[in-house]
Amino acid sequence: MSEILTYLGKDEEYEVYELFFGPNHPGMSGNFSYILTVDGHTIKKVSPDPGLLHRGFEKLVERRLWLQNIALIPRICVPEPDINEMVYSTAIEKLCHIDVPLRASYIRTIVLEMARLSAFLFGFGGIGGTTGLYTASYWSISDRDYLLDLFEWLTGARVYHMYILPGGVRRDLPNGWTEKLKETIDYLQKRLNEYDRLIYNNPLVIKRLKGLGKIEKELAIEYGITGPNLKATGVKYDIRKMVPYAAYDKIDFDIPSQNEGDGLARAIQRREEFQLSLDIIRKALKDIPDGPVRANMPNPLKFKVPKGEVYVKIESARGEHAYYIVSDGGDKPYRMAVRGGSYTAGLILAQKVLVGCRIEDVALWMATMDICPPDFDR
Amino acid sequence: MNQKELIEYIKNNFKGIENIKSIDEKQFSITVQKERIINILSFLKLSNFKELALITAVDWIKEEKIEVVYILFSYEYEQQLIVKTYIDRQEPSIESIKNLWEIATMYERDVHEFFGIDFIGNDDKRPLILHNWKDIPPLRKDFDSLKYSNTIFGKFKKDKE
Amino acid sequence: MELYSTKKLKDEGFEQILNFFRKKSLWMLHYCTGCGAVELPPTMTSRWDMERFGMGPMATPRQADLLLITGYLSLKSLKRVIYTYEQMQNPKWVIALGSCPINGGIYYDSYSVINRLALYIPVDLSIEGCMPRPEAIIEGFIKLMKQIENGEAVGYKKYQENYKWYKQNQDSVLKREFPVLSGEEK
Numbered sequence: 001m002s003e004i005l006t007y008l009g010k011d012e013e014y015e016v017y018e019l020f021f022g023p024n025h026p027g028m029s030g031n032f033s034y035i036l037t038v039d040g041h042t043i044k045k046v047s048p049d050p051g052l053l054h055r056g057f058e059k060l061v062e063r064r065l066w067l068q069n070i071a072l073i074p075r076i077c078v079p080e081p082d083i084n085e086m087v088y089s090t091a092i093e094k095l096c097h098i099d100v101p102l103r104a105s106y107i108r109t110i111v112l113e114m115a116r117l118s119a120f121l122f123g124f125g126g127i128g129g130t131t132g133l134y135t136a137s138y139w140s141i142s143d144r145d146y147l148l149d150l151f152e153w154l155t156g157a158r159v160y161h162m163y164i165l166p167g168g169v170r171r172d173l174p175n176g177w178t179e180k181l182k183e184t185i186d187y188l189q190k191r192l193n194e195y196d197r198l199i200y201n202n203p204l205v206i207k208r209l210k211g212l213g214k215i216e217k218e219l220a221i222e223y224g225i226t227g228p229n230l231k232a233t234g235v236k237y238d239i240r241k242m243v244p245y246a247a248y249d250k251i252d253f254d255i256p257s258q259n260e261g262d263g264l265a266r267a268i269q270r271r272e273e274f275q276l277s278l279d280i281i282r283k284a285l286k287d288i289p290d291g292p293v294r295a296n297m298p299n300p301l302k303f304k305v306p307k308g309e310v311y312v313k314i315e316s317a318r319g320e321h322a323y324y325i326v327s328d329g330g331d332k333p334y335r336m337a338v339r340g341g342s343y344t345a346g347l348i349l350a351q352k353v354l355v356g357c358r359i360e361d362v363a364l365w366m367a368t369m370d371i372c373p374p375d376f377d378r
Numbered sequence: 001m002n003q004k005e006l007i008e009y010i011k012n013n014f015k016g017i018e019n020i021k022s023i024d025e026k027q028f029s030i031t032v033q034k035e036r037i038i039n040i041l042s043f044l045k046l047s048n049f050k051e052l053a054l055i056t057a058v059d060w061i062k063e064e065k066i067e068v069v070y071i072l073f074s075y076e077y078e079q080q081l082i083v084k085t086y087i088d089r090q091e092p093s094i095e096s097i098k099n100l101w102e103i104a105t106m107y108e109r110d111v112h113e114f115f116g117i118d119f120i121g122n123d124d125k126r127p128l129i130l131h132n133w134k135d136i137p138p139l140r141k142d143f144d145s146l147k148y149s150n151t152i153f154g155k156f157k158k159d160k161e
Numbered sequence: 001m002e003l004y005s006t007k008k009l010k011d012e013g014f015e016q017i018l019n020f021f022r023k024k025s026l027w028m029l030h031y032c033t034g035c036g037a038v039e040l041p042p043t044m045t046s047r048w049d050m051e052r053f054g055m056g057p058m059a060t061p062r063q064a065d066l067l068l069i070t071g072y073l074s075l076k077s078l079k080r081v082i083y084t085y086e087q088m089q090n091p092k093w094v095i096a097l098g099s100c101p102i103n104g105g106i107y108y109d110s111y112s113v114i115n116r117l118a119l120y121i122p123v124d125l126s127i128e129g130c131m132p133r134p135e136a137i138i139e140g141f142i143k144l145m146k147q148i149e150n151g152e153a154v155g156y157k158k159y160q161e162n163y164k165w166y167k168q169n170q171d172s173v174l175k176r177e178f179p180v181l182s183g184e185e186k
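Chains as they are written, first to last, in this note's numbering: chain A, 1 to 378; chain B, 1 to 161; chain C, 1 to 186.
If we strip away everything but chain A, and leave its shape as in the complex, we get (with noise of 0.2 Å):
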């Protein structure tokens, strides 16, 4: 493992050791470091080391053209990639006053929810593989294949799709589709029974995540807790239904929450949201209407942007994943600043609730908040 230990001395009560958590450690979700300062078993000090993923993307964007960034910003968050494009097109879309064709609008949710459902398959596995019940990711990393079968069949890629478009998606539905997603659907609602027999029953894992880094309400409003995490609490707050886009307006469902705010009620509050995105994906595919799929737009080489700046923000399986973007009335971004729905859970609510944890909590905690690195690195 990558951890060195380093020997900080003798503490008057205790002595004290500085570990390197991660980057190189099977428990650590994706490439990020924790320097964690310890007590024996005991964590004292939490400074998480960020920025192994920085890629610059805030300048990157300021060099390409308005549309030419549809290609680059899925990369910013990479087990849920279509949120990014979401919130990059309804910027330009609020920018420029387009309007968007109501099928898009339900094709853009039924995609979206499909992305929700693959990054919630993956954090079923984290969860699986830090409490080391491996049967757990072998499952749903498999059904989350399914899931990247239809998105290749509808876009042509597995990962990253650059399907949502200003104005728009970029192509209609194959003949098809529809038939093999509700199948999909009914047979990932057939395995939920199997994953709450596997997870969420299992004492072992509830042994585990009970009281695992609580948070309280208003701590965790007060910290920019947002998403799942915030539901876990009590807060019973949902981007999709308060600030709605794409079509979740037209669409009807209730918003699950929990009371405790530990681990347990996060891992639980993710698997009832992923009911939901199931019931949200059924309601959306009976009522798509007919109609094109995207809005007259000008010329890409041409695309000018009027003046103005907006704050676009979505439900990702993480929280709140929103952009803040400055037009100066040019062919490109003026300015475009990423805030991710893990940085204030990883960066810095991890320095308070994780002291007074022990070490192997640490991954098991990151699971359970679902922290995505490459989305606080950008």
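Don't take every hint at face value.
No more than 27 Å apart at the CA atoms, straight line, and that leaves these computed lysine-lysine pairs for BS3-like [said to hold, decoys possible]: (1) A:K352 <-> B:K50; (2) A:K94 <-> B:K84; (3) A:K332 <-> B:K147; (4) A:K250 <-> B:K26; (5) B:K26 <-> A:K304; (6) B:K26 <-> A:K236; (7) A:K180 <-> A:K190; (8) B:K45 <-> A:K217.
Some residues of chain A that are not near chain C, with every Cβ distance over 12 Å (derived) [stated by the list, open to error]: (9) E194; (10) D196; (11) K302.
Quick caveat, the hints were computed from the structure, so don't treat them as lab data.
Quick caveat, the model's predicted, so the values are computed rather than measured.
For each residue, glycine too, the CB sits at the ideal point set by N, CA and C.
Position chains B and C relative to chain A; hints supplied.
Relative to the frame of chain A, chains B and C by itself:
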């Protein structure tokens, strides 16, 4: 309160707002002077804008200004609020708001690294994301990314046979 | 068999036989350096099942044979990758996944991402694509196995022989004392 009432409320209760503008039905922006930034943010925090979503900056090179942007959110009114202020580009500095929001420490450290803005009162200026950075801060507009990349990483360097 | 003739054995020692066995048990280091790592779990798990080739993930660099560079490498990661590579025992191999380690890919103009990995550590095999599909990754593995058997994958020897050259390149990006643009250093 809806957005209109909220704008009225802020206008009536806080003096010194330069500009207040609605962006869409769920968000609006406020421009204030640099000296009043702590006042307005603490006022807004007391008026239920409890979540600090992001601190960032925009480099307006032609105007010789840097715009510092604070994005707040209120769970009560469900309104997004963008608070902006302009500072000098040559010696950019502004008061830190780490006493209002603890998480601002990390955001300010981030903005300091990428824009070179000095947040007075926030001493945490250790590099966060970049490795061994010696040039001008990378998100300044006069920093040329392609030239940097070609110089340091070598466009046509040969492999060892 | 020509391949294992006594003359060859005398000339090259037991290298040939060793290589035959080495290719059958490759342990891959569990280190996700970039976004290509998202296609590794499907490669490892039930659908593509890497284990049928005798490959598996390994947590520690000291017992791993194979270092996968999954996509772009930022400067900060490059430092860790070099540490990790030097910790690994000989023989060791490096596979670079995706377009970014070849020429920078979509990040060719980024200030943080290196353009060509082969300048800093020897790369035995590059798999192109953004990102490579699991089939492509597996084909790459099979190709590497063939290279190992034929004794062609000798990146680690190259690294020992040309250590100075590699070290110089590494230092030129990692240990700078002057600004890159408009710096005093030329």
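Checklist entry - Honestly, which of those hints from before does the structure not fit? => result none
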